[in-house]
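**Q** Let's have the full structure, built from the sequences with the hints guiding it.
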Amino acid sequence: MSDKNPALMSGIPELVVLRLLAEREMYGYEAARALKVVSAGALSFGEGVLYPALHAMEARGLLRSREQLAGGRTRIYYRITPKGRRRLERLTSGWRRVSEGVERILGASSHE
Amino acid sequence: MSEHRFRLLEIELIRRGVALRHARRAALELECHHRQLMEQALARGETAGQAARSADEALGSHAMLIERYAHQQELRSWAYRWRSGYVLAPLLGFATVFSAVILALIAISSHLPAVVHHIRIPAPMTHGMNWLASALLLWLTPTAVAIGFGVLAGRQRIAFRWLLAGIVVLCLFAAQMNVRFVLTGGTPAGLISAGIGFSTRNLPQELVRALAMIGMALIPAGCLRSLMMSRRTAFE
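Chain order of the listed sequences is A and B. In this text, residue positions in the first sequence follow the working numbering: the first is 842, and each later residue adds one. In this text, residue positions in the second sequence follow the working numbering: the first is 1075, and each later residue adds one.
Hints listed in this document are in silico derivations from the structure and should not be mistaken for laboratory results. Don't take every hint at face value.
What the hints assert, rightly or not - Pair ranges (Cβ atoms, derived):
(1) B:A1117 to A:I946: 20 to 26 Å
(2) B:A1174 to A:E908: 35 to 41 Å
(3) B:E1148 to A:L884: 19 to 25 Å
(4) A:L884 to B:A1117: 22 to 28 Å
(5) A:A863 to B:R1095: 22 to 28 Å
It should be emphasised that the depicted structure is a prediction, and the values quoted were computed from it without experimental measurement. Note that CB positions come from ideal geometry on N, CA and C, so glycine has one too.
**A** Next comes the structure, spelled out in structure tokens:
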């Protein structure tokens, strides 16, 4: 999720975070690690930017959070809500349409 | 990135309009994340300095994080969204408290024991009670309301101009008010009246009264603000 191309990358943090949290609840650091691992480093960004996105999604009712003390530290775990799942479905189908369209264009260009 | 950086970040987020709850949680989560990044770097064999630098780099700059939070409309505090409301909110707060006190006085006086109708309350006591009611409603109440809003605005890091405008409006309004609480005994036992009036004849006194109240309200607000500024400077 590069900061260098905000128009192209808008909506992606929301999509990938919802997708990750649809599997299981996670806290911020865990989610940042998982993003890095699952995307094989393709989505690299300042890890701190994950938190405003998490907070905003929670404020919109897409996520729910709970605090838990672990090793003397307070961790805030996030999990997806039913509203978040519906949003994830919409974002996923939207993203698939866009990526298929781009793939077709790239494929057509390479055959010319 | 020291621990103070996260307190400073919290202060800056609140100043930029992020709600207290989100600002506190942001500082807590980012600090925790930073510690874990450092532990990871130390485990890789980096020195403490290198670990701190790589954790800073991975987390992102202070300025960038503040921008990201400030950009999220959902995270804005109600006080920041309605900061112009600070101009009228103290006045409404004062009107509410004033009305409540007057209604309470009316309720108390209507339930006074019958004995009051058979005695004569000495004039100095009547004057004293009237003076107390005036001091309470025309001085103490507006000043306390203004101080209360000053503290609230300070906690929410609302720009001083909004608070100042609110206090000036409140104090100018309160300076035009009048109250009479005359308990004489006998039948009727007394009267309670409150009103607002503007007269050019009383204007100088009313302005002096307004200025005195503004001063009294601004002293604690100013002290709180300078305390917060010094704490912020200490963090920096």
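**Q** Does each hint fit the structure? Answer for all of them.
**A** Here's how the hints hold up against the structure:
Our hint of 20 to 26 Å for A1117 of chain B and I946 of chain A is violated, since their Cβ atoms are close to 45 Å apart. Distance hint for A1174 of chain B and E908 of chain A: a CB-CB separation of about 38 Å, consistent with the stated range 35 to 41 Å. The beta-carbon spacing between E1148 of chain B and L884 of chain A, approximately 23 Å, falls within the hinted interval of 19 to 25 Å. Between L884 of chain A and A1117 of chain B the CB atoms are about 24 Å apart, so this pair conforms to the stated range of 22 to 28 Å.
In this structure the hint that A863 of chain A and R1095 of chain B lie 22 to 28 Å apart at CB holds, the actual value being about 25 Å.
In this structure, the one hint that does not hold is number 1.
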